[in-house]
Amino acid sequence: MKPLRTIPLWPAVRHLLLIAGAVVLLAPFIWMISTASKPPEEVFSSELHLIPHHFALWDNLKIAFAKANLWRFLLNGVIVTVSIFVLQVLIALPAAYALAKLRFLGRDALFALILFGILIPPQATAIPVFLLLHKLDLLDSYAALVLPFTISVFGIFLMRQFFKSVPDDLVDAARMDGISEFGIVWRVMLPAAIPAVTAFGIFSVVAHWNDYFWPLIVLNSEQLRTPPLAVAHFRNNEAGTNYGPLMAAAMVIIAPLLIAFLLAQRRFIEGITLTGIK
Amino acid sequence: MSDAATIDAAAVATPAARPALRKRDQRALTAYGLVAPAFVLMLLMLLGPLASVIALSFTDYQLGAPALSWIGLANYQDMFADRVFWISLRNTLTYVVIVVPGAVTLGLGIALLIQSGTSLRSLYRTIYFLPVMATLIAMAVVWEFMLHPQFGLVNGLLRGAGLPAFSWLQDRGTALYALCAIGIWQAVGFNMVLFLAGLVSIPKQLYEAAEMDGTASAWARFRLVTWPMLGPVTTFVIVISGIRSFQVFDTVHILTKGGPSKSTEVLIHTMYTEGFEFFRSGYGAALTVVFLVFVLLLTLIKARLADRGVQTA
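Which chain is which? The protein sequence lines are V and H, in order.
The letter at position 145 of the first sequence is residue 145 when you use the working numbering, and the numbering goes up by one with no holes.
The letter at position 37 of the second sequence is residue 37 when you use the working numbering, and the numbering goes up by one with no holes.
The following block holds chain V by itself, in its conformation from the complex:
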């Protein structure tokens, strides 16, 4: 779109409106940081002030880390999201390559199944998958958090579309060099698909780092808690008394993704909007 030249002072009006909107949208973040920096007597005062009179962020963080094993929960988040992503790639890439570049009976039917699979929302399969994990005696384990997501039909679809655009000559040349089909997946296709794999990785990590529904269903043990469950438990056990440390804990849980996002916004926005295609 072109700049609106017809309205006088439009640039100023535009900034004014956008800044006003930004203040509203950022209010929860600002209030979180402000509250996390206040001592209890300032949190529980009806008089509103943004800047704490007495800066208590370190105290609140200390209390948060003392009351909950936040390092452990962050580590759980990393273990779970990384395992999910690595397994998704290990399983999706070979399938995507076969669907894009090889001819075999049933290929089109399989691709149709994958397209159908994309339509299924994750909540729809929760009860049977839960029962299955119960049967296998896997509930309340890392496996319960990871296993159901190792298959990403969306990942297969995305990679298959990308591989379609990789020239066949590249594949043929690799075959001439005596590389096996399996080798082609990892030594030829993967390097060519790094941008798509990165976007998918961001999509996958953000979705599973933030997921609350599934960990809530399958976990009991404190030491396995993922970051969102950790905040929820912190809130349920400390609510009403300790808002400062609670906000500090929320900050800690949000921080890793937000920092990563601020460092690589373009890639993140690309990755997250993949959900739109999904």
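A portion of the hints provided could be inaccurate.
[As the list claims (entries may be wrong)] Using 35 Å as the maximum straight-line C-alpha spacing, the simulated DSBU-like pairs for lysine-lysine come out as follows:
{"id": "1", "chain 1": "H", "residue 1": "K257", "chain 2": "V", "residue 2": "K135"}
{"id": "2", "chain 1": "H", "residue 1": "K262", "chain 2": "V", "residue 2": "K67"}
{"id": "3", "chain 1": "H", "residue 1": "K204", "chain 2": "V", "residue 2": "K164"}
{"id": "4", "chain 1": "H", "residue 1": "K262", "chain 2": "V", "residue 2": "K135"}
{"id": "5", "chain 1": "H", "residue 1": "K204", "chain 2": "V", "residue 2": "K67"}
{"id": "6", "chain 1": "V", "residue 1": "K62", "chain 2": "H", "residue 2": "K257"}
[Stated by the list, open to error] Computed footprint of chain V on chain H, listed as stretches where at least three residues anywhere in the stretch have a Cβ under 8 Å from a Cβ of chain V:
{"id": "7", "stretch": "38 to 44"}
{"id": "8", "stretch": "121 to 129"}
{"id": "9", "stretch": "239 to 249"}
{"id": "10", "stretch": "285 to 293"}
Don't read these hints as lab results, they were simulated from the structure.
Backbone N, C-alpha and C define an ideal beta-carbon position, used for all residues, glycine too.
Fit chain H to the supplied structure of chain V, relying on the hints for placement.
For chain H alone, kept in the frame of chain V given last:
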């Protein structure tokens, strides 16, 4: 494609036909090996469970029960006779009907504002996208404190402006709307990014042509060029927002547990309570099927539109 063609040509033209053929069979075998893990897991974790959830909804299965029996439509009859189900469905639809227009209009408005100038575009985009990135559960806890009746920011500002304050999440008259506001807050940035992509892809020549035709005002340009060109993107964004709103769970579960007095009970939360707190798997499955019907309807509309979108884009 061309690879298969060369092999076929080789098979016809040269005496090396047999090895080439064998190679192709071998390659097909390899292909099965490559797709096998994905195929098995898809059956185990996706298609099997989908079929099971439908089958379970016709049984009285409860987790831990020694046996299950086929009870036909009894779960559905119970469900349709249950007041909570209808409250839950109505609340879910209310949530969708408020959040979708809210998040879509605001997303479009912000995208238009950002694109109407050239300075600070990426800064604004980053700011407005932040809520999409932030862990919703953590931000829900922050919202809860902002909506605190006594010490919250929202009531503080209202009181400062001389307006009445509310106990937002504890009041059955306001709780669902408070959750809608959080839903809109979280979704706006996502919709904005989709609209920005749509706006960028509108050819500049169209605006130039419109200007030559004498459409000078910003509103006329929007009405004659931007809005029609954004059509496919807009429908797409509406459907996606609808699907995501139907899935609302996190904020409900952590902030209200469906209360006060069921005023924020929504479908997935009812399904969660029945299926994973009371372990009434059969009944929970029936609720899942209702949810699935709504989401699949929306998804099919989206799939249709996506096909058309690809052609027009």
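### Query
So which of those numbered hints doesn't the model satisfy?
5
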